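Visitor: Chain A is already provided as a structure; the job is to place chain B on it using the hints.
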Amino acid sequence: MNTEIIGIIAMFVLTLILAIPLGRYIAKVYLGQKTFLDPVFVPIETLFYKVSGIDAKKEMNWKQHMVALLAINVVWFALGMIVLLCQGWLPLNPDNNPNMTPDLAFNTIISFLVNCNLQHYSGETGVSYLSQLFLMFLQFVSAGIGLAAAAVLFNALKERTTETLGNFYNYFIKSCTRILLPISVIVATVLLFNGTPMTFEGKQEMTTLQGDAVQVSTGPVAAFTAIKHVGTNGGGFFGTNSAHPLENPNYLTNIVEMIAQMIVPFAMVFALGFYLNRRKLSWMIFGVMTIGFLALTIPTVITEMNGNPAITQMGIDTTAGATEGKEVRFGAAASGYWSIATTVISTGSVNSMHDSAMPLSGMNQLLAMMVNCFYGGCGVGILNFYIFIILAVFISGLMVGRTPEFLGKKIEAREMKIAMIIALLHPFLILVGVALSTAFPEQGASTLNNPGFHGFSEILYEFTSSAANNGSGFEGLGDNNPWWNITTGIVLLLSRFLPIIGPVAIAGILASKKHIPESAGTLKTDTSTFGLMVFAVIFIIAALSFFPSLTLGPIAEYFTLY
Amino acid sequence: MKNYIVIGIKLTLATIVFFAGIYTLFIFGIAQIAPNQGKGIVVESNGKKFYKNIGQSFTDAKYFNSRPSAVGYNAAGSGGSNKGPSNPEYLAEVQKRIDTFLIQNPDIKANEIPADLVTASGSGLDPNISVQGAKVQIKRIAKTRNIEESKLEKLIAENTEKPLLGVFGPEKINVLQLNIGLDKLK
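Quick mapping for you: the protein sequence lines, in order, are chains A and B.
If you count the first sequence from 1, position 110 lands on 110 in the UniProt record's numbering, and the numbers rise without skipping.
If you count the second sequence from 1, position 143 lands on 143 in the UniProt record's numbering, and the numbers rise without skipping.
Hints listed in this document are in silico derivations from the structure and should not be mistaken for laboratory results.
Take these hints with a grain of salt, some might be off.
[What the hints assert, rightly or not] In silico lysine-lysine, DSBU-like type, Cα no more than 35 Å apart, as pairs:
hint : chain 1 : residue 1 : chain 2 : residue 2
1    : A       : LYS50     : B       : LYS109
2    : A       : LYS58     : B       : LYS39
3    : A       : LYS203    : B       : LYS39
[As the list claims (entries may be wrong)] Just the calculated beta-carbon pair ranges, DEER-fashion:
hint : chain 1 : residue 1 : chain 2 : residue 2 : range
4    : B       : GLU89     : A       : ILE291    : 37 to 43 Å
5    : A       : ALA78     : B       : GLY72     : 39 to 45 Å
6    : A       : ILE186    : B       : THR59     : 39 to 45 Å
7    : A       : ASP95     : B       : ALA157    : 40 to 46 Å
8    : A       : THR125    : B       : GLU89     : 22 to 28 Å
Given the structure is predicted, the values throughout are model-derived calculations rather than measurements.
Idealized CB from N, CA, C, for every residue including glycine.
Next up, chain A with everything else stripped away, as it sits in the complex (with noise of 0.2 Å):
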């Protein structure tokens, strides 16, 4: 078989068999059972509560958990606006980049603190190395506080009726120590024998063999290009992210940086088997979002190796695919298959862009994005699959005129218009969006790489990935100015916050509810049906709302090529 194929086989199968530890893990470290790492890590939270002055054992409802949880994020703006307004004039700044614009700096700090990375600058020229690594901080905490959301949605799952929920920051302070950093130290070793570089020196000056001048860029990149993909949060160091030779330097770190954004995700779902003692509720979640991730995937990593038709004409050996965009040493399988699995999970680190992607593959991108819970991002693409189980429980109780229960609890009117609100709010966002920026070509338009329908896809991606706190780009786009920093930087916070918020809010309503015990009348939601239920739910949401976007972007550009 061909080594492009088995090359992404084994960076899916790899995945999934060492996520399944990880899963029992995690469990663990959330039900505060005994871990191997607990000599490590429990002076270091002993004295992170201390010197924060938190009580770790006082418990919390859901709201004290969501007032604590923006809190937190205030303070992470305010400072983080201070650090990329003034980066000029501080420290650990040897390529003396300037400060950022207002617009930018918002943009930039919300899109790292919702676990975005939309990055509207290049890494090379728009950040100082004291900038990085407060991002690269951002980047450990946002993961944490997504992780630290579903924990709660866990405790409520819970079969026993309670008003409180763990303690946030006992939640939050564990996923990054226990889960999100050993991870990272392994990645980022990794990456450093392989060629990634970690320096504080600056630009480094280099004749070519052919004798022109031209200049490296550099930087503690291996720590940072870690954690970006630990954490599901994407944000490259440099500007081309992990297509750039020194941030993934070699299929090996290709296949680990790979498994490093998928393996959380995974082992939540995992996780919540073992938490709640159902693992086959885990293997029905991961059987939809497995299904729904090889749908996408199998055609765009046939699309991709299929190459261009346009090009294929005229004439030349297409044999290695559609090569735009991308770098030889990963190929067209390993491309295209990263393209998916970025755009389902939330990370949006690309190693090939995905502007010069085709039509079908970027139509696969954006639907992965609108879907946005098949795996999903650290923590919230649990989250986001439980309001489609909550949809698909309230459907189907209705369709064979049971109760709709979901785990021993009733679900009410109450859940279900939340429910609804957060599942509709995500097309709303999106289509609103590309609808103002078409509407006003100066805004829109005028930023365009590209003409025609794929001009319209690359306006219909940046919201889509903004909504889905995503962060990867049809780069062609000018997105650095007012109309595009402040637009998608309040998509984003909007498209963050509720989304926990929402679920979060359900889990702790039915988790006050009075405990029903199981009995022949209810609705099995561990069985395969329910799962081909959910899966149906999902398809019509997305497929209704933003087919005819689609149809008008990456859909008209495939019957213009083909």
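Guide: Leaving out everything else, chain B in the frame of chain A:
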């Protein structure tokens, strides 16, 4: 609320010290035992140092040429063309590259040119070309340098990097190392 903000500020300071400071220094420490102390892998030739992973612009007829680049191989920055697959301007550009290649390599037929040689990479710094991409340049280089083709074929075979562990990913050639080897050929 105020209480949560105060806790937030204290916790932020503590976690910044740990995740931006101690974590970074820890990785920096590991870098000191990594190849070239974590400053990127370097190859030397005739006393000059080059980054092995950073592609260089080779446009001269006597060298194996590298792929087109949207940033001219200046690694101060990085970037792809971001041209869409149906963009007419872009397709005309690709056609022009093919025509130029055929003029520079008159012994080659269009269907022998691999797509990577006429399309720009994602980073603009791609250090590699495909094996076929090197092979189609043999005739030109043999003529320019007055070298037997068989020697060049051997050089390409020596510089071909196999898939990872023989089974994962594509074959490729590092253009810089190939050209360093080429300069050493007699």
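Visitor: Now tell me, hint by hint, if it's right for this structure.
Guide: Okay, the hints, checked on the actual structure:
{"no.": "1", "hint": "A:LYS50 x B:LYS109", "verdict": "violated, 73 Å"}
{"no.": "2", "hint": "A:LYS58 x B:LYS39", "verdict": "violated, 46 Å"}
{"no.": "3", "hint": "A:LYS203 x B:LYS39", "verdict": "holds, 11 Å"}
{"no.": "4", "hint": "B:GLU89 x A:ILE291: 37 to 43 Å", "verdict": "holds, 39 Å"}
{"no.": "5", "hint": "A:ALA78 x B:GLY72: 39 to 45 Å", "verdict": "holds, 40 Å"}
{"no.": "6", "hint": "A:ILE186 x B:THR59: 39 to 45 Å", "verdict": "holds, 41 Å"}
{"no.": "7", "hint": "A:ASP95 x B:ALA157: 40 to 46 Å", "verdict": "holds, 41 Å"}
{"no.": "8", "hint": "A:THR125 x B:GLU89: 22 to 28 Å", "verdict": "holds, 26 Å"}
Checked against the numbered hints listed earlier, the structure breaks hints 1, 2; every other hint is satisfied.
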